[in-house]
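Make a model of the complete structure from these sequences and hints.
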Amino acid sequence: MSTYILSGSPHVHEQQDVKKIMWGVIYALIPAWLVSIYFFGLPALFLSLVAVASCLLFEFLIQKYLYKSNELTITDGSAVITGLLLAFNVPSSLPWWQMVIGSLVAIGVAKMTYGGLGKNPFNPALVGRVFLLISFPVEMTTWPKVSPLSTSLTDVITGPTSLGVIKEGLMKGETISKLMQNVPSYTDMFVGNMGGSLGEISALAIIIGGIYMLIRKIITWHIPVSYILTVFVFTGILWLINPEQYADPVFHLLAGGLMLGAVFMATDMVTSPINHKAQLIFGIGCGVLTVLIRIWGAYPEGVSFAILIMNAATPLLNNLVKPKRFGGA
Amino acid sequence: MNGLKTFPLGGVHPDDCKFTAQKPIEQLPIPERVYIPLSQSLGASSVPIVNKGDKVKTGQLIAKGEAFISSNIHSSVTGEVEKIDEWIDTSGYRRKTVIIKTTEDVWEEGIDLSKEIKREITLTKEEIIQRIKDKGIVGLGGATFPTHVKVSIPQGKKAEFLIINGVECEPYLTSDHRLMLEKAEEILIGTQILMKAIDVDKAIIGIEANKPDAIEHLSKIAQNYKGIQVQALKLKYPQGAEKQLIKALVNREVPSGKLPIEVGCVVQNVGTAFAVYEAVQKNKPLIERVVTLTGNSWHGGNFWVRIGTTVQFLIDHCGGLPTNIEKIINGGPMMGKALVSTDVPITKGTSGILAFTSDISRRVKIYNCIRCGKCVSACPMGLEPVTLEKAAENANWDIAEKYFVLDCIECGSCHYTCPAGRPLLDMIRLAKNKVNQIVRSRVQ
Chain S
1 MSTYILSGSP HVHEQQDVKK IMWGVIYALI PAWLVSIYFF GLPALFLSLV AVASCLLFEF
61 LIQKYLYKSN ELTITDGSAV ITGLLLAFNV PSSLPWWQMV IGSLVAIGVA KMTYGGLGKN
121 PFNPALVGRV FLLISFPVEM TTWPKVSPLS TSLTDVITGP TSLGVIKEGL MKGETISKLM
181 QNVPSYTDMF VGNMGGSLGE ISALAIIIGG IYMLIRKIIT WHIPVSYILT VFVFTGILWL
241 INPEQYADPV FHLLAGGLML GAVFMATDMV TSPINHKAQL IFGIGCGVLT VLIRIWGAYP
301 EGVSFAILIM NAATPLLNNL VKPKRFGGA
Chain P
1 MNGLKTFPLG GVHPDDCKFT AQKPIEQLPI PERVYIPLSQ SLGASSVPIV NKGDKVKTGQ
61 LIAKGEAFIS SNIHSSVTGE VEKIDEWIDT SGYRRKTVII KTTEDVWEEG IDLSKEIKRE
121 ITLTKEEIIQ RIKDKGIVGL GGATFPTHVK VSIPQGKKAE FLIINGVECE PYLTSDHRLM
181 LEKAEEILIG TQILMKAIDV DKAIIGIEAN KPDAIEHLSK IAQNYKGIQV QALKLKYPQG
241 AEKQLIKALV NREVPSGKLP IEVGCVVQNV GTAFAVYEAV QKNKPLIERV VTLTGNSWHG
301 GNFWVRIGTT VQFLIDHCGG LPTNIEKIIN GGPMMGKALV STDVPITKGT SGILAFTSDI
361 SRRVKIYNCI RCGKCVSACP MGLEPVTLEK AAENANWDIA EKYFVLDCIE CGSCHYTCPA
421 GRPLLDMIRL AKNKVNQIVR SRVQ
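Heads up: the sequence lines are chains S and P, in that order. First residue of the first sequence? That's 1 in this note's numbering, and the numbers climb one at a time after it. First residue of the second sequence? That's 1 in this note's numbering, and the numbers climb one at a time after it.
By construction, these hints were calculated from the structure, which means they are not laboratory data. Be careful, since some hints might not be right.
Said to hold, decoys possible - Only pairs whose alpha carbons sit at most 27 Å apart, straight line, appear in this in silico DSSO-like list of lysine-lysine:
#1 P/LYS220 x P/LYS18
#2 P/LYS258 x P/LYS402
#3 P/LYS282 x P/LYS125
#4 S/LYS324 x P/LYS258
#5 P/LYS258 x P/LYS196
#6 P/LYS125 x P/LYS101
#7 P/LYS158 x P/LYS226
#8 S/LYS20 x P/LYS365
#9 S/LYS322 x P/LYS258
#10 P/LYS432 x S/LYS324
#11 P/LYS282 x P/LYS196
#12 P/LYS365 x S/LYS119
#13 S/LYS324 x P/LYS402
#14 P/LYS434 x S/LYS322
#15 S/LYS217 x P/LYS390
#16 S/LYS119 x P/LYS390
#17 P/LYS390 x S/LYS277
#18 S/LYS324 x P/LYS234
#19 S/LYS277 x S/LYS322
#20 P/LYS55 x P/LYS282
#21 S/LYS119 x P/LYS402
#22 S/LYS68 x S/LYS119
#23 S/LYS68 x P/LYS390
To be verified - Here are a few chain S residues that sit away from chain P, every Cβ distance over 10 Å (derived from the structure):
#24 GLU14
#25 TYR27
#26 TYR65
#27 TRP239
#28 ILE241
Ideal Cβ positions, reconstructed from N, Cα and C, are used throughout, including at glycine.
Next up, the structure:
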C-alpha cells in the first residue's frame with residue numbers, strides 16, 4: 001500500500017500569500033517613491049534607504065536575540081513597507097539618525113513587542129512618525145521646498161506646507177481667498193509639485209499605486225473611498241457655509257497626507273476592521289477625525305492621528321459590526 | 001436563456017480545471033471482486049441480509065436500511081459473498097463491508113435493461129416514494145442523504161419548487177456535466193417523477209455557465225416537459241451548496257439551522273434525478289454511478305462504475321498512476337476527502353477521484369493571520385472564519401457557538417482564499433464538533 005498525503009479539505013488554494021501581498025504593496029509604493037526622488041532629490045532616496053535598512057535590521061535583531069527564533073520574517077516584505085511608509089511620512093531634510101530612531105520605534109515598539117506581523121494594533125509606520133513628531137518637532141515640521149532633480153544632500157531651502165500656510169494665516173485672521181494665493185496650483189498639488197512629507201506630495205502617483213492594489217485585490221475600495229469621500233463632504237459643507245473661513249474640499253483632498261493616508265496607511269489590513277461594513281465606518285471615522293484636527297486642532301495636519309485613533313477603535317468595530325449572515329434573523 | 005443568476009454573499013472563483021468535460025462516459029468493466037460498505041448514506045448503517053457463501057445476482061438486495069434515515073443496498077455484481085468483514089472505506093476507517101467475488105453478470109428479475117426511454121409515469125406518489133426507498137436511492141451530489149426521506153414532505157409543510165442541482169461547482173468534476181449531455185431525457189423524466197413525489201408543478205434546473213452545451217441541450221429538451229425550467233448560473237463556488245443554490249434560483253434564504261423545505265424547496269442532484277428515473281421507470285436499484293477520474297496533470301475520463309469497485313481498479317483501467325502522484329481525493333478538491341489508500345471502494349457518494357501531483361498536494365506556508373478579512377468576504381454564510389478559528393484555538397466553544405459556527409457548510413472558501421494559509425476549516429470543523437456535543441448534552 002503506497003502512502004498518500006492526508007489533509008482536510010480544501011485541497012486547492014488561491015495561491016495568494018502574505019509575501020505576495022506585501023511585495024504587491026511595495027510595488028504600489030514605487031510611483032510615489034520615484035516622484036519624491038524627482039522632487040526632493042537624493043536626500044529623499046538616501047532617507048528612504050536608511051528607513052528600510054534600519055527597519056529590516058531591527059526586525060532581524062529582535063527576532064534573533066529577543067524572540068530567539070530562527071525564522072526569518074524580514075523577507076516577507078512587511079518591514080520594507082514600514083520603512084518606506086515611515087520615510088514617506090517625514091520631511092526629506094530629517095537627519096538620518098532621527099530616521100533610525102523612528103524605525104526602532106516603528107518596528108521595535110509598535111510591531112515586534114506585540115509579536116510581529118499581524119499582531120500589532122497600531123500602524124507601525126504611523127507610530128514611528130508620531131513619535132518623531134513629538135520628539136523632534138522642529139526637524140519634523142521643517143519642510144524643504146521642492147527642487148526637481150536636486151543632487152545636493154545639504155543646503156535646502158525650506159517653506160511651510162499648504163496646510164501650514166492656511167492654518168497660520170487663519171490664526172492671524174487672514175481670509176482664505178488671500179491665503180490661497182500662497183499655495184501651489186491644484187495641478188501642481190495633484191502631480192506633487194509642493195512642499196510636504198517625502199511620499200505624500202503626489203496624489204497622482206498614490207492613486208496609480210492604489211489602482212494597482214485594487215486590481216491585484218490587495219485592498220478593497222471601502223476604506224479609501226469612504227475616507228476620502230467623508231473628508232470631501234465634511235470640508236465641502238464647511239466651505240459652503242463660509243468660503244472665506246474654510247478652504248474648499250478639493251484643496252483638502254490634495255493637501256497634506258490625506259491621499260497617502262487613505263490609500264496606504266488606513267488600508268493596512270492588520271490594523272483595520274475585517275468586514276466591509278466595519279471598514280466603511282472606519283473610513284468615515286478617519287475622515288471626520290482628520291477634518292476635526294485640520295480645522296480645529298493644534299496641528300495643521302490630522303491624518304496620522306485620525307488613523308491611529310481609528311486603529312484603536314478597530315477591535316471594537318470588529319466586535320460591534322458583524323457581516324450580514326446568511327439565513328440570519 | 002435569461003440573464004445569469006447567482007447568490008450574493010461571499011464565494012470564491014477557483015480555476016475550474018474541467019479537463020474531462022469532453023470525454024464521453026465509458027463503461028468500466030466489472031471487477032473480480034467488489035467491496036460494498038454497509039454505510040454508504042447519511043444516517044444509520046444498513047443491516048446485511050446475506051451471509052458468507054450466499055449466491056447473489058446483480059441488483060439483488062443485500063442490506064436493508066432499517067432506521068428512519070438509512071438506505072437499502074444492492075449487490076452490484078453477480079457472484080458469491082466471500083465474507084462480511086471490516087474493510088477500509090473513503091473515510092479512512094475500517095467499516096463493515098460485504099465482499100463479493102464476481103462470477104458473471106446476471107441481473108435480478110424484473111429489472112428493465114432495455115435502452116428504450118419510458119416516458120409515461122404510472123406510479124402514484126406513494127408508490128414512487130416507496131420505490132425510491134426500495135431501490136436504495138441516495139443524494140448523488142456527495143452528501144448521500146437518503147432520497148426517500150428528502151421527498152417525504154413533513155406534516156404541515158408544503159413544497160413549491162423542485163430544484164435540480166446541475167451546478168457541479170467543484171473544480172475538476174465532470175460526472176454531472178456528462179450525465180446531463182448523455183442522459184438529458186432521463187434526467188427530465190426523473191425530474192417529473194420527483195415533482196409528482198413532492199407534489200409541485202414547478203422545477204428549476206440550475207446549471208453553471210461553464211457548461212453551455214449542457215444548458216443548451218437540456219433547455220431544448222425541457223421545452224417538451226411542462227413546468228421544468230433550465231436556469232443558467234454565473235460561475236461561483238459554492239453555488240452547488242443547497243442553500244446557496246436556492247438563494248440563486250428563487251431568491252429565498254433558508255433560515256439558520258433549518259432545512260430547504262422551510263422556504264418551500266426540495267433540492268436534488270441531476271445524478272439523483274437520473275437514478276430516480278431508473279428506479280421508478282426501469283425498476284433498477286442504485287448499483288452504479290458516474291465517476292470522474294482526473295487530476296492536475298493526469299486525466300482518466302468519466303466512467304460508469306459499479307458500486308464497490310476499488311479506486312485502484314479504476315486507476316489500473318486508465319493505465320495506472322504516474323509516479324509523481326502524492327494525493328488521492330475522493331470527491332472535488334474543495335470538499336472532497338483525501339484517501340489513505342487506493343484500495344477503498346467507490347460508493348454511492350463518489351462523484352470523482354482526483355490524483356494530485358506534488359506541485360499542489362501540499363498545503364501552502366502558514367503565516368500569522370494578517371487580519372485581511374478575505375475569509376470574511378469569501379464566506380457564503382456570512383460568518384467570520386477568522387473569529388471562529390481563534391475561538392477554536394483557545395478552546396472557547398461559547399464564542400464559537402455565539403458566532404454561529406454551526407451555520408458553517410464546510411465549503412472551504414475561507415481556507416482556499418486565506419493568504420496566510422491558516423487552517424481555518426480544520427479549526428472550524430473541530431469547533432463544530434465540540435459545539436454540537438455541547439448543544440446535544442444541553443438537550444439531555
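Any hints from earlier that this structure breaks? Give me their numbers in increasing order, please. The structure conflicts with hints 6, 24, although it agrees with all the remaining ones.
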